[in-house]
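Enquirer: Between the sequences and the hints, there should be enough to build the whole structure, so can you do that?
Chains as they are written, first to last, in our numbering: chain U, 867 to 955; chain H, 40 to 508.
Please note that a few of the clues may not be correct.
Said to hold, decoys possible - Only part of the chain H face toward chain U is listed, based on derived beta-carbon distances under 10 Å: (1) GLY101; (2) GLY360; (3) VAL475.
Unchecked claim - Take a look, some chain U residues computed to stay more than 10 Å from chain H by CB distance: (4) GLU886; (5) THR909; (6) LEU910.
Stated by the list, open to error - Examples of chain U residues toward chain H, derived with CB under 7 Å: (7) GLY939; (8) LEU940; (9) LEU943.
Please keep in mind that the hints were generated in silico from the structure rather than gathered at the bench. Predicted model only: the values in this text are computed from it and were never measured. For every residue, glycine included, the Cβ atom is placed at its ideal position computed from N, Cα and C.
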Amino acid sequence: MTDTEPDTDVPPDATAHVCERCGRPFTDETYLALHRGLDHPSTLSTAEREAFDAARSEEEESLQRFRLLALGGLVVLYFGFLMTYAVVT
Amino acid sequence: MVPESRRDRRRWQVPTAVVVLGVMLWLSTAVGRVAAHSGSLRGATRDPVAVPTWLFLLTGGGVVGVSFLLASFVTDRRLVAAIHDWARPLPTPGRIGRGLAGVTGVAILAVTLGVGVAEDATGVRNLAVLVVWVGWWGGYVASTYLLGNSWPALNPFRTVAERLPTLSRSYPERLGAWPSVAGLLLLIWVEVTAPLADDARLLATVIAGYTAVTLVGSVVFGPDRWFGSVDPLARAFRLYGRLAPLGVTDGRLRIRLPGSELPDTRLDDTGDVAFVVTLLFVTTYDGFVATGPWAAGVRAVADAGVPPIVIYFGAYLVGAGLFYLAYRAAARAGRAGAETYLSAGELARRFAPSLLPIAAGYHLAHNLGSVLVLAPTFVAVAAAPLSPPPSPPQLAGLPGWFGGLEFAFVLLGHLLAVWVAHATAYELFPSRLQAVRSQYGVTAVMVCYTMLSLWIVAEPYVAPPFIAS
Chain U
867 MTDTEPDTDV
877 PPDATAHVCE
887 RCGRPFTDET
897 YLALHRGLDH
907 PSTLSTAERE
917 AFDAARSEEE
927 ESLQRFRLLA
937 LGGLVVLYFG
947 FLMTYAVVT
Chain H
40 MVPESRRDRR
50 RWQVPTAVVV
60 LGVMLWLSTA
70 VGRVAAHSGS
80 LRGATRDPVA
90 VPTWLFLLTG
100 GGVVGVSFLL
110 ASFVTDRRLV
120 AAIHDWARPL
130 PTPGRIGRGL
140 AGVTGVAILA
150 VTLGVGVAED
160 ATGVRNLAVL
170 VVWVGWWGGY
180 VASTYLLGNS
190 WPALNPFRTV
200 AERLPTLSRS
210 YPERLGAWPS
220 VAGLLLLIWV
230 EVTAPLADDA
240 RLLATVIAGY
250 TAVTLVGSVV
260 FGPDRWFGSV
270 DPLARAFRLY
280 GRLAPLGVTD
290 GRLRIRLPGS
300 ELPDTRLDDT
310 GDVAFVVTLL
320 FVTTYDGFVA
330 TGPWAAGVRA
340 VADAGVPPIV
350 IYFGAYLVGA
360 GLFYLAYRAA
370 ARAGRAGAET
380 YLSAGELARR
390 FAPSLLPIAA
400 GYHLAHNLGS
410 VLVLAPTFVA
420 VAAAPLSPPP
430 SPPQLAGLPG
440 WFGGLEFAFV
450 LLGHLLAVWV
460 AHATAYELFP
470 SRLQAVRSQY
480 GVTAVMVCYT
490 MLSLWIVAEP
500 YVAPPFIAS
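Expert: Below is the structure:
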């Protein structure tokens, strides 16, 4: 996906999860698992494939939570504006 | 089992995207109507129901926020990538076409300079003024983001520079793109403060000065380096060209969806980021100095004994600095939100291209009206540049819905910007939740910028005091 190396900045006291294929550091093991599956899909070992699938379903769950929150935000914004317009104009 | 459920997901992802697009369009027309109300406040009588300014601003900001939330519902990586990878090759214009464009560019520059010096007529009766402000600044600049960047072929300064010998001095690399930021600030400063739309001789002098600097620069550093790093016009058109539906990738002319190149755009350095932010800032400054609060503020400070030009220049530099700092802060907020080791500079570089559609939207909204009104003038004066008609024809006026169209351009620019930021974030981060969180900063900046710009547009025009234009 990225043909040039992105510029990274790891704090000295942090433990980074570094991709052994391209050297990109990640803050979390699941991000690294997702990155391997998305950017180096052809060279995955079975364990890495399993880690990717697990990370993927975890990501899907958090996305569902985010979707609910976003929907709530939309509803609040919609009715907020509706009420404001009703009162003001 | 797993592929099964993935296929299911994709099946409803595509309808979701269609619904999201539909809602965005509906929102944009709704706000277009609201905006038209507020825009016609100046006309006062046409529209009895007017929305108070604060609600108008809040609505504009709300639309940008809502479009960010809606874009975040499109979570299929393959769909996002498919939209951005769509492209079809086109026949490439040959060397003859390029040569013709170069000759045309030089001819137009020569005529503009010649008429500017020789003809006494001022304002829109002078062909030089019309070529620069209507033909080039209004029309041609719009073509660079609506069609494609043809400046490398047309650029008369480059055509001449390439025929001159070059010293090929090495360019100081640490300067990066910063000289073009300074150049852009200088050009727009001259544009705002000097009566370049009235005084054709002054305009010709400025063009001659720009020509001289450009030619000397490209003789010293070589045309590729000069137009690649220093020249602000070439950089602005190159960036706008990334937004356009026509563009050259891998040596072939291709047609693509507008803005689809932007998530892949890698800016050179922090100077390039500052350049994009400055493009936005100069539009804002241009409008801001024509508002009532600014006029009142300048008069108050000038009464205290500060020379007006210092106030203008001070506000200009401070404003440009604040815009850049606000954007850097947004990039840092994005880095903190996304839990990533990508540097704040990398995020600033990758998200900056998503601001370009906003700049283009404002440019179109500001200039399309005057280009249309003055198009008949252009034709009449171009027919007899040295004896222009005493009162050349203009369009009598634009229909009432035109104001709504202008707001629609601004809004479309913002919606495209939100989408480009979304696609960029998907390119950058392995986790889609990281991608969403990384956009908080840049979305906040876009919401604030929308509200500021809408405020400027809704303020009645007040001629900037103390300066000529």
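Enquirer: Each hint should be assessed against the structure and marked as holding or not.
Expert: To see whether the hints hold, each was checked on the structure:
| no. | hint | result |
| --- | --- | --- |
| 1 | GLY101 | holds (6 Å) |
| 2 | GLY360 | violated (23 Å) |
| 3 | VAL475 | holds (6 Å) |
| 4 | GLU886 | holds (15 Å) |
| 5 | THR909 | holds (16 Å) |
| 6 | LEU910 | holds (14 Å) |
| 7 | GLY939 | holds (6 Å) |
| 8 | LEU940 | holds (5 Å) |
| 9 | LEU943 | holds (6 Å) |
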